[in-house]
Amino acid sequence: MKSPTKMYALLFAVAAIVALDATAHAQTPEKFQFRLNWTLYGEHAPFFVARDKGFYKEEGLDVEILEGSGSTTVAQLVANMTNPVAYVDAATMMRGVGAGMPIRAVGVTLQQSPMSFIYRADAARPTKIDEIKGSRIAVTAGDASLAIFTAFMGKLGKKVEDVQLITVANPQSKEQAVLSKQADALLGYFMDQGPRMQLQTGVKMGWTRLYDMAGVTTLSSAIIANNDWLKDAKNQDRLRRFLRASQRGWQYTFDNRDEAAEIFMKHAPAFNKEISLLEINGTMTIVRTDRTKDKPIGWSATQDWKESQDLLENFAKLKAQPDVNVYYTNEFLSAPPYKK
Amino acid sequence: MSPQNTPTNKAGRLGIKLLKMLTPIAGVLVFLAIWQAGVMISKVPAYLLPAPTEIARTFIDELPRLLRHGWVTTYEMLLGYLLAVAVAIPLAIAITSSQRFDQFVMPTMLFFQVVPKVAVAPLFLVWFGVGVLPKVLVAFLISFFPIVIDAAVGLRSMSSEMNDLARSMGSSRIQIFTRFRLPTSLPYLFSGLKVAATLAIAGAVVGEFVGADKGLGYLLLVTNSNMETALMFATLVGLTLIGLVFFYSVEFLETLLIPWHVTHRVREESGTM
Chain A
1 MKSPTKMYAL LFAVAAIVAL DATAHAQTPE KFQFRLNWTL YGEHAPFFVA
51 RDKGFYKEEG LDVEILEGSG STTVAQLVAN MTNPVAYVDA ATMMRGVGAG
101 MPIRAVGVTL QQSPMSFIYR ADAARPTKID EIKGSRIAVT AGDASLAIFT
151 AFMGKLGKKV EDVQLITVAN PQSKEQAVLS KQADALLGYF MDQGPRMQLQ
201 TGVKMGWTRL YDMAGVTTLS SAIIANNDWL KDAKNQDRLR RFLRASQRGW
251 QYTFDNRDEA AEIFMKHAPA FNKEISLLEI NGTMTIVRTD RTKDKPIGWS
301 ATQDWKESQD LLENFAKLKA QPDVNVYYTN EFLSAPPYKK
Chain B
1001 MSPQNTPTNK AGRLGIKLLK MLTPIAGVLV FLAIWQAGVM ISKVPAYLLP
1051 APTEIARTFI DELPRLLRHG WVTTYEMLLG YLLAVAVAIP LAIAITSSQR
1101 FDQFVMPTML FFQVVPKVAV APLFLVWFGV GVLPKVLVAF LISFFPIVID
1151 AAVGLRSMSS EMNDLARSMG SSRIQIFTRF RLPTSLPYLF SGLKVAATLA
1201 IAGAVVGEFV GADKGLGYLL LVTNSNMETA LMFATLVGLT LIGLVFFYSV
1251 EFLETLLIPW HVTHRVREES GTM
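Those protein sequence lines, which keep their order, are chains A and B. Reading the first sequence from the start, the letters are residues 1 to 340 in our numbering. Reading the second sequence from the start, the letters are residues 1001 to 1273 in our numbering.
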């Protein structure tokens, strides 16, 4: 009983337990809040994939994903540090930078604009440029649509006043306005409202992308961060880990659409498999531009930022920045396979 | 020559009057000065809180636009308010004349008052479209209740002794109503009308928030979305002005219609002291 080997074994076991406990302690994931641009829709699936597949946990992060109420509002929350990292429309963020907000994009996940006119198929309008004038267009105030729509109208030599712009306070009203024919079309994402409204209500919907009508596009959804928050080296490290796991989540979603849809539905009970999959598939078609084809997910090109700025400056009264680098940085992104 | 009419006394009285007029203005100016200084010293970014001077400049620059949208909100508010008055006063008369009717409509009325208007408003968009009607209805719904309640309290406020007196003097029911009951109720009615006046503008703006293509509520949403904070504040100033002008118009009407009312007497007496 009192043999030294047994004693050593016991000591070893105790030491092992202590050590295990210590590593477990060190691995207690850090809390990290991430505010989305909007209530849940398919585009958000990759973040839930990263969480449920444990990618964030592997990076030592316990990420809480919060819903948002429009890019403008969320950009303000980032600027005043309520949520230092969030998901925001890039054009809206550029406007915020012009207004003096200390924010920048640290990863651009949607690099082409999905903004579209979405209308009832039985009253399809506007489908052509000459149908735009006089159309009744519903928009949600505070979301991403107004900035790019202003640029779109400008590029066509028109003014926003040429349509009857109906602003509503929440996205449901926007959809109801079109369904009840109070508005001809709403401005929304082709991979979100169109298919979802069709599946939920049975009314056949149609859509025309602003890009297809007038070649208007900007960088779209981006992960943005507060510049002052980013000055802290610890926060930089946190962000780097968060982005790496998020990139991995996006890549995983890209490769495993079905599983991603299943994961997403768990968090968004309003969605069924068909809509989730439709939205995820639509999202995955616009994650890169021609310039970023071979780059890691989220990596954005200077020239794309320049073009976005030119468009918004020329047609939507954006205050241009002398150097587009104030808008973004790629330095916190990782290369594939997005692991430590 | 009576002592009151000596020139020094006159000047003194004028001075007091002037002081009385200037004190509220001075209060507002001090508030604005603190705001301005606060913004300048702590360098609050303009997208969070613009300086008063900037808001004033934007207000002047954008005046035509503010007037155009302000007019829309004003008539939505007025229509809703007038509709509320037109419905609420007869209803109050009916409620006070018949207890059965009171019991009959009160639950429904309470339901419409208690149901959160902001929550129901989105349905208005579907039912009534994006025109004037839904805004007028929200303004109506919000301003309706205080008028009914206060008018009913007023109509019930006549003492039974007064009623007996009128009857003993041979007044008919209609005469009792028009000569005694209605005048007695006016002070109460007007307090309801004044409360409703401040609510009606909020109602019109709530209506515009739900879905609109013009009006100051619409302008608020668009400027907020475009991060034009100064114009947003200028819009708020416009809304406040409309609300104030409307409130004081109702109050002015009150002083015209019931100059004998005790609240005015008290105010005048304390004013000359």
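If you're looking for bench data, these hints aren't it; they were derived computationally from the structure. Take the hints with a grain of salt, since some may be wrong.
List of simulated lysine-lysine pairs, BS3-like, C-alpha gap at most 30 Å [as the list claims (entries may be wrong)]:
1) A/LYS295 / A/LYS340
2) B/LYS1214 / A/LYS128
3) A/LYS317 / A/LYS273
4) A/LYS234 / B/LYS1043
5) B/LYS1117 / A/LYS181
6) A/LYS293 / A/LYS155
7) B/LYS1020 / A/LYS231
8) A/LYS155 / B/LYS1214
9) B/LYS1010 / A/LYS159
10) B/LYS1010 / B/LYS1020
11) A/LYS133 / B/LYS1117
12) A/LYS155 / A/LYS133
13) B/LYS1117 / B/LYS1214
14) A/LYS340 / A/LYS319
15) A/LYS340 / A/LYS293
16) A/LYS133 / A/LYS273
17) B/LYS1043 / A/LYS319
18) A/LYS266 / A/LYS53
19) B/LYS1214 / A/LYS317
20) A/LYS158 / B/LYS1214
21) A/LYS155 / A/LYS128
22) A/LYS181 / B/LYS1214
23) B/LYS1010 / A/LYS317
24) A/LYS319 / B/LYS1020
25) A/LYS128 / A/LYS231
26) A/LYS53 / A/LYS273
Now for the hints, and whether the structure bears them out:
1. A/LYS295 / A/LYS340: Holds: A/LYS295 and A/LYS340 sit about 18 Å apart, inside 30 Å.
2. B/LYS1214 / A/LYS128: holds, 26 Å
3. A/LYS317 / A/LYS273: violated, 41 Å
4. A/LYS234 / B/LYS1043: holds, 27 Å
5. B/LYS1117 / A/LYS181: holds, 23 Å
6. A/LYS293 / A/LYS155: holds, 27 Å
7. B/LYS1020 / A/LYS231: Distance of about 54 Å is beyond 30 Å: violated.
8. A/LYS155 / B/LYS1214: holds, 24 Å
9. B/LYS1010 / A/LYS159: It is violated: about 61 Å lies between the C-alpha atoms, which goes past 30 Å.
10. B/LYS1010 / B/LYS1020: Within the cut-off at roughly 15 Å; holds.
11. A/LYS133 / B/LYS1117: Roughly 34 Å separates the two Cα atoms, so the pair is violated.
12. A/LYS155 / A/LYS133: The hint holds at about 14 Å.
13. B/LYS1117 / B/LYS1214: Given pair B/LYS1117, B/LYS1214 holds - Cα atoms ~20 Å apart, limit 30 Å.
14. A/LYS340 / A/LYS319: violated, 39 Å
15. A/LYS340 / A/LYS293: With Cα atoms ~23 Å apart, A/LYS340 and A/LYS293 stay inside 30 Å; holds.
16. A/LYS133 / A/LYS273: It is violated: about 38 Å lies between the C-alpha atoms, which goes past 30 Å.
17. B/LYS1043 / A/LYS319: Status holds; Cα separation ~20 Å.
18. A/LYS266 / A/LYS53: Holds - the C-alpha atoms of A/LYS53 and A/LYS266 are around 13 Å apart, at most 30 Å.
19. B/LYS1214 / A/LYS317: Roughly 21 Å between the alpha carbons, so the hint for B/LYS1214 and A/LYS317 holds.
20. A/LYS158 / B/LYS1214: Holds: A/LYS158 and B/LYS1214 sit about 19 Å apart, inside 30 Å.
21. A/LYS155 / A/LYS128: holds, 15 Å
22. A/LYS181 / B/LYS1214: holds, 19 Å
23. B/LYS1010 / A/LYS317: violated, 59 Å
24. A/LYS319 / B/LYS1020: violated, 47 Å
25. A/LYS128 / A/LYS231: violated, 48 Å
26. A/LYS53 / A/LYS273: Holds. A/LYS53 to A/LYS273 sits at ~19 Å (cutoff 30 Å).
The earlier numbered hints that this structure contradicts are 3, 7, 9, 11, 14, 16, 23, 24 and 25.
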